Structures are given as structure tokens and as C-alpha cells.
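Student: Can you build the whole structure from these sequences, using the hints too?
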Amino acid sequence: MKILKNACLVGLAVLSSALAQSTATVGTLQGLVTDAQGKPLAGAEVRYRRLFQTVLSSSHQPLPAPGEAVIQSKVTTDANGAYTLPNLPAGDYALCGSVPTLPYLDPCQWATSPRTTVAAAAPTKHTLILTKGVFLKVRVNDPLGLLPQTQDGPLKAGNLIVGVTFAKGAYLGAQNTGVDSAGRNYQMIIPAGAPLSLWLFSRHVALKDANGNPVDVSGARIAFQATAGSDQTFTFTVSGPLAQSQ
Numbered sequence: 078m079k080i081l082k083n084a085c086l087v088g089l090a091v092l093s094s095a096l097a098q099s100t101a102t103v104g105t106l107q108g109l110v111t112d113a114q115g116k117p118l119a120g121a122e123v124r125y126r127r128l129f130q131t132v133l134s135s136s137h138q139p140l141p142a143p144g145e146a147v148i149q150s151k152v153t154t155d156a157n158g159a160y161t162l163p164n165l166p167a168g169d170y171a172l173c174g175s176v177p178t179l180p181y182l183d184p185c186q187w188a189t190s191p192r193t194t195v196a197a198a199a200p201t202k203h204t205l206i207l208t209k210g211v212f213l214k215v216r217v218n219d220p221l222g223l224l225p226q227t228q229d230g231p232l233k234a235g236n237l238i239v240g241v242t243f244a245k246g247a248y249l250g251a252q253n254t255g256v257d258s259a260g261r262n263y264q265m266i267i268p269a270g271a272p273l274s275l276w277l278f279s280r281h282v283a284l285k286d287a288n289g290n291p292v293d294v295s296g297a298r299i300a301f302q303a304t305a306g307s308d309q310t311f312t313f314t315v316s317g318p319l320a321q322s323q
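Here the sequence shown is numbered in the working numbering, starting from 78 and rising by one per residue.
Hints may be right or wrong, so weigh each one.
What the hints assert, rightly or not - Straight-line alpha carbon distances no greater than 35 Å define the calculated DSBU-like cross-link-like pairs of lysine-lysine that follow:
no., residue 1, residue 2
1, K285, K233
2, K209, K245
3, K233, K245
4, K116, K233
5, K116, K214
6, K202, K151
7, K245, K285
8, K233, K202
9, K209, K116
10, K233, K209
11, K245, K151
12, K209, K151
13, K116, K151
14, K214, K245
15, K116, K245
16, K285, K209
17, K214, K285
18, K214, K233
19, K233, K151
20, K285, K202
Unchecked claim - The calculated label-pair distances, taken between Cβ atoms and stated as ranges, are:
no., residue 1, residue 2, range
21, T312, P272, 19 to 25 Å
22, N157, R280, 46 to 52 Å
23, A320, G255, 25 to 31 Å
24, T208, A320, 39 to 45 Å
25, T178, N157, 16 to 22 Å
26, A320, N164, 56 to 62 Å
27, G317, Q130, 22 to 28 Å
28, A320, A247, 18 to 24 Å
29, A259, E145, 48 to 54 Å
30, R298, E145, 39 to 45 Å
31, N157, K214, 28 to 34 Å
Bear in mind the hints are in silico, worked out from the structure with no lab data behind them. Predicted model only: the values in this text are computed from it and were never measured. Virtual Cβ for every residue (Gly too), placed ideally from N, Cα, C.
Tutor: Okay, here's the thing in C-alpha cells:
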């Protein structure tokens, strides 16, 4: 009986030590998502990932170093714009944010990814501030039916690429948000008042702008600046197949 009692005590001690160690290596990240004026944003999506140390594999590919926790997920803010992420391994985290249906700029796309350090066994507070932009909406009419009648997937651009270049050549693609019998719609969120260029590329179809002028679809840029509070819109029309695609 004494041996059994001692064994139980040892087991409890090991368990207590493990629990204490586990508690000592995790923390909680909590805070708000607000606009630039400090207004909380309900329903905002916060994406987070842990910045871990890496080592090179035998094929010279970076891999998480031994013992490094790999964390990547997302959470939605509540009605008060608040979020809580419990049980996170201590360390540095990068945060990204957006608001579905509203034109707030994701800092991970348009700026430097915000970072914070989660401390062990203690709550860490971080406010993620999102700047409001505007929607860029591009309509491509297709009266000849030369573009696919299916919406673009992650790895296929439907014979036409639409996006924006900015800064020193950075590029972001617009999402194909809809396809109908008359054409296609593209949309993305862009900053207001910043010099941008619309970028169109196709090896399959020729385009004309809203005034009937031919558009260079070999990757030429159309410079513009969006106005705060107003969607930036462009309309193009497929005028025929490119010579090499006939």
C-alpha cells in the first residue's frame, strides 16, 4: 500500500509539473479591431500566424526548427470589435485584418504586417487598426462569349488577369467576383489618394475601353488615383480574339 501511495504521489507530481510547464509556455492574445478613428469594427476577420525559427532540410527547404510551434488560424471579432485568442504558444505573431463586405485595407497587403509578442502565462493586448479604402470594380463585357463562363479559381485566371500595381512594382490581383452571360466582374479593395495602376493581361482576347479605344493587354498599366468615399470603376469590352489565339 505504501509503494502504491508513493507511486501515486510521484505521478501527481509529474502531472503537476507538466501542467505547470504547459501553462508557463502559453498565453492569451486579446484586443480590438478599430478603424483609424478608433471605432470598433464588429465582424472583422483577424488572421494570425506564429513567427517561428527555421532550419534547412536536406533539400535546402526551410522547415520549423525542432520544438517550434506552428500556429496559423483566424478569428472573427464580436459585436464590440473585440477578439480573444487563448492558449497560444509564447512568441512573436504577425496579424492581418479585413472586414467582409466593407472596404478596409488589409495591412498585410498594403503595409507592413503588424506584429506582437505573446507572453507566457499572461494576457497580451493588441489593437489592430484598419484604414478605410474604396472598392475597385472592373466590368469586362464579353458580347462574343470568348471568356470562360466559369468563375476563376485560385490557380486559373480565366484567360484574363486583372490587378493593380503600386509602390515600386508591387502587384495585387483582383478577385473575379462574378460571371454572367454578358461578361465578368472583378473587385478588390484599394487605398484612396494613392498613385496606382490598373494592370490587364491576356494572351487570348483583345479589349477596348469605355470610349472604344484599344487596350494594351500585354501588361500595360493604366494610371489612376481613387477618391475617398467613392468606388473606382472601369469598364472594358472584349473586341475579339488575339491574333495568336485564333
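Student: Look at each hint and say if it fits the structure.
Tutor: Hint by hint, here is what the structure shows:
For the hint pairing K285 with K233, the CA-to-CA distance comes to about 23 Å; that is within 35 Å, so the pair holds. Note on K209 and K245: the hinted pairing holds, with a Cα-Cα distance of about 22 Å set against a maximum of 35 Å. Proposed proximity of K233 and K245 is supported: the alpha carbons are some 26 Å apart, at most 35 Å. For the given pair, K116 sits about 38 Å from K233 by alpha-carbon distance, which is inconsistent with the 35 Å threshold.
For the hint pairing K116 with K214, the CA-to-CA distance comes to about 26 Å; that is within 35 Å, so the pair holds. At roughly 17 Å between alpha-carbon atoms, K202 and K151 fall within 35 Å of each other, so this suggested pair holds. As the CA atoms of K245 and K285 are separated by approximately 27 Å, the hinted pair is consistent with the 35 Å bound. For the given pair, K233 sits about 40 Å from K202 by alpha-carbon distance, which is inconsistent with the 35 Å threshold.
The suggested pairing of K209 with K116 holds, with an alpha-carbon distance near 12 Å, which does not exceed 35 Å. Restraint check for K233 and K209: satisfied, since their Cα atoms lie roughly 29 Å apart, inside the 35 Å limit. A C-alpha spacing of about 30 Å is found between K245 and K151, which places the hinted pair at or below 35 Å, so the restraint holds. For a cut-off of 35 Å, the pair hint linking K209 to K151 stands: about 21 Å separates their Cα positions.
At most 35 Å may separate the alpha-carbon atoms for a hinted pair to count; K116 and K151 meet this at roughly 21 Å. Pair hint K214 plus K245 holds up; C-alpha atoms about 23 Å apart against a cutoff of 35 Å. Pair hint K116 plus K245 holds up; C-alpha atoms about 32 Å apart against a cutoff of 35 Å. A C-alpha spacing of about 31 Å is found between K285 and K209, which places the hinted pair at or below 35 Å, so the restraint holds.
At most 35 Å may separate the alpha-carbon atoms for a hinted pair to count; K214 and K285 meet this at roughly 17 Å. Only pairs whose Cα atoms come within 35 Å are accepted, and K214 paired with K233 is accepted, the gap being roughly 20 Å. Proximity of K233 to K151 is assessed by CA-CA distance (about 25 Å); at most 35 Å being required, the pair is judged to hold. Proposed proximity of K285 and K202 is contradicted: the alpha carbons are some 51 Å apart, above 35 Å.
For the pair T312 and P272, the supplied restraint of 19 to 25 Å holds, since their beta-carbon distance comes to about 22 Å. The given range of 46 to 52 Å is respected by N157 and R280, whose C-beta atoms sit roughly 49 Å from each other. A320 and G255 have their C-beta atoms about 29 Å apart, which keeps the hinted 25 to 31 Å range intact. In this structure, T208 and A320 meet the distance hint of 39 to 45 Å, their C-beta atoms being roughly 44 Å apart.
With their beta carbons about 19 Å apart, T178 and N157 fall inside the hinted range of 16 to 22 Å. As the Cβ distance of A320 to N164 is approximately 60 Å, the hint placing it in 56 to 62 Å holds. At roughly 54 Å, the beta carbons of G317 and Q130 sit outside the given window of 22 to 28 Å. Our hint of 18 to 24 Å for A320 and A247 is violated, since their Cβ atoms are close to 32 Å apart.
Distance hint for A259 and E145: a CB-CB separation of about 51 Å, consistent with the stated range 48 to 54 Å. The given range of 39 to 45 Å is respected by R298 and E145, whose C-beta atoms sit roughly 41 Å from each other. Distance hint check: the CB atoms of N157 and K214 are about 31 Å apart, consistent with the given range 28 to 34 Å.
Consistency with the previously given hints fails for numbers 4, 8, 20, 27, 28, ordered from lowest to highest.
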